[in-house]
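If you want the building blocks of each chain, they are given just below.
Number of protein chains: 2
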Amino acid sequence: MRLVVVGSIGLDTVQTPSARREEVLGGSVSYACAAASFFAKVGMVGVVGDDFPEAHRALYRRFGIDLRGLQSAPGRTFRWSGVYEEDMNRRRTLATELNVFESFEPALPPAYRKCPFLLLGNISPELQLHVLGQLEAPEFVAADTMDLWIRTARAQLDAVISRVNLLMVNECEMRELAGESNVIRAARAVLRAGPQYVVVKKGEHGALLVSAAGVAVIPAFPVADVQDPTGAGDAFAGGVMGALARGGTPTLDAIRGAIACGTVVASFAVESFGLDRLAEIGSAEIEERLAQFRSMVMV
Amino acid sequence: MRLVVVGSIGLDTVQTPSARREEVLGGSVSYACAAASFFAKVGMVGVVGDDFPEAHRALYRRFGIDLRGLQSAPGRTFRWSGVYEEDMNRRRTLATELNVFESFEPALPPAYRKCPFLLLGNISPELQLHVLGQLEAPEFVAADTMDLWIRTARAQLDAVISRVNLLMVNECEMRELAGESNVIRAARAVLRAGPQYVVVKKGEHGALLVSAAGVAVIPAFPVADVQDPTGAGDAFAGGVMGALARGGTPTLDAIRGAIACGTVVASFAVESFGLDRLAEIGSAEIEERLAQFRSMVMV
Chain A
1 MRLVVVGSIG LDTVQTPSAR REEVLGGSVS YACAAASFFA KVGMVGVVGD DFPEAHRALY
61 RRFGIDLRGL QSAPGRTFRW SGVYEEDMNR RRTLATELNV FESFEPALPP AYRKCPFLLL
121 GNISPELQLH VLGQLEAPEF VAADTMDLWI RTARAQLDAV ISRVNLLMVN ECEMRELAGE
181 SNVIRAARAV LRAGPQYVVV KKGEHGALLV SAAGVAVIPA FPVADVQDPT GAGDAFAGGV
241 MGALARGGTP TLDAIRGAIA CGTVVASFAV ESFGLDRLAE IGSAEIEERL AQFRSMVMV
Chain B
1001 MRLVVVGSIG LDTVQTPSAR REEVLGGSVS YACAAASFFA KVGMVGVVGD DFPEAHRALY
1061 RRFGIDLRGL QSAPGRTFRW SGVYEEDMNR RRTLATELNV FESFEPALPP AYRKCPFLLL
1121 GNISPELQLH VLGQLEAPEF VAADTMDLWI RTARAQLDAV ISRVNLLMVN ECEMRELAGE
1181 SNVIRAARAV LRAGPQYVVV KKGEHGALLV SAAGVAVIPA FPVADVQDPT GAGDAFAGGV
1241 MGALARGGTP TLDAIRGAIA CGTVVASFAV ESFGLDRLAE IGSAEIEERL AQFRSMVMV
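Sequence lines, in order, name chains A and B. No gaps in the numbering here: position 210 of the first sequence is 210 in this note's numbering, and each next residue is one more. Heads up: take any position in the second sequence, counting from 1, add 1000, and you land on this note's numbering.
Simulated DEER-style distance windows between Cβ atoms:
| # | chain 1 | residue 1 | chain 2 | residue 2 | range |
| --- | --- | --- | --- | --- | --- |
| 1 | A | GLU22 | B | ASN1089 | 26 to 36 Å |
| 2 | A | SER72 | B | GLU1085 | 46 to 56 Å |
| 3 | B | PRO1017 | A | ALA224 | 29 to 39 Å |
| 4 | B | ASN1089 | A | ASP147 | 11 to 21 Å |
No lab work stands behind these hints, which were simulated from the structure alone. In this text, a Cβ means the ideal position worked out from N, Cα and C, and glycines have one as well.
Please work from the sequences and hints to get the whole structure.
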C-alpha cells in the first residue's frame, strides 16, 4: 500500500440548477480514494452505518481500494444535503446528519501502518492527529481542513499544520487561517507554520502551489458540462496524493506534476453526480486529458 | 502606427481596504494605451475636459502614446469613484459623472485610419461602430463591453460582435451576453455570433481563450501586493493588442503569446494606483516577469 486516506463517507442529497439526486455515495474519503486509485494502491479509513448499501462497497472494490480500514458501526451512515446556486460556485448546506460519524475513532489496520503517504481528509484535527500518530514513518503527509475547525479547534489544527508536508485548503479557508485577504500572503504565512508546501484550491479557477521556491500556478481544466461540483476538492487532493505516491521522491517537480493529475481527475469527477464518471474512466482517459490540459495551458 | 485604442479617460477616486486616492488618472483608454505602449506604437482616441491636468498628458507622452486622437472639450473630465471590499475582487461604484464623455464623438485623425489593429474599449456600441467605420482596412479588431450595453443596446452590440475578430469581456458579462451560466458554453455561443476568438477575463483567476480550435487556459500572474485592481482588465486588453500589433499575423499561437503579455502587464498595473507602476517599468521588467510566469504555469 502506498497511500492511506482518512475522511468522511456520506450519502449526499444534492440539488443543482438542472437536477436533484438523493443519497449519492459521497464524502471526502470516497472521492479522494477513487481519484487516487488511478495512480497508486490506496487504503481507506472511514466509517459507515449498517444501512450502507453493499453496492457502494462493491464500487469501492471496483476502484481497487483497500477496505480493511473501513469500519461499519451500528446506526445510520453520515448524510449531507445541499443545493448549488445558478453559477455552481456557491452552495448552501441544507442538512447535516453526523450519525455514525459522530463517534468515529479512526483506527489503522496493521497493514496500513508502514504506508509512506497519508492524506488526512477533512475531519477534526484531533482525529487527524490520532491517525497521524498511528503511522510508523510516514514519508509525506497532506491534510485538508475546513472553516469549522479553524474556528473551534485552532490549537489542534495548528498542531496538525506543524506536522504535515502539504496543506491543501480552499481559498476562503486559507484567508481565514492566516487572517490575511491576499491568498499568496496568506499561503506564505501558513508556510511559516510548518508545511513545506501549501496548495490553495480555487475550484474552477485552479490552484496555487506555494513553497520556499515560490509560487506555481495551476489552472483548472475547463469543463463545459459540470453536473455536480461536490467532492471536486477531495478528488483533486486524492489525485495529487495518488500521483505523488506512485512516483519516487516527492520533489517540487513531482508535486507540480501530481497537481496536474489531481486537476484532471477532479475535472472528470464533476462531470457526474457522485463517483459515476470516475467509475467510467481509466488511465487512458486520464492520460489523454492530461495531454490536452498541457497543450491548453502552455503560455 | 500599429494600434488604435478608443475608450474612456477618467479621473478616478478609489478607496481600497488600505488606502484612498483622489482623481487618479484612469479610464479604459489610459490603461490600455499605457499597457500597449510596451509592445507597439499606439494612438489614443478619447476626450478630456479643460480641467485635465497637463501632467497626465505629459505622462501619456512618456509612454510614447500618440495623442493626435485625444480631444479636449469645454467642461469637466469624466469622473468615477468606487470602493473595493476586503477581498479586492468586489467593487461598488459610488459615483459616475460623465461630463465631457457624455457628448463624446470619437473622430479618428487621418493618420490613424490606415492602422491595422484596433481596440474598441468599453464605450457604447454605437460609438464603437462609428470608430470601426472610420478605419480603412483593419486587419484585426478587438472589443470590450459591459453589462449596461448588453441590457440597453443589444442590437448595436450584436452588430459590433459580428464585426470583430476578438471579443474580450469579463466572466459575468460573458454569462449575461449568452444567457448561459457555464462560461465555456457561453463563450462558444458568442463565438457563433461572429468573432473568431473570445477571451473571458476572470481577473485574478486569469483568462480563457475560446476559438474553433478549442479552449486555452491562461492563469493570472499571482500578485502578492495588489494596491488597486482598477484598470486591470483594460491593461490586459491593451497588452494583448499591443503584443499582437507588434508581431506579424494574428494566428492562434500569436494570440496565446499576446495573452501572456497582457497578463504580465496587468499584473504590474495592479501594483499601484493608476498608471504609477506602469510608468516605473520597461521592457526588461516585462520580459523578466514573462519568463517567471512561464516557469510558474508549466504543468
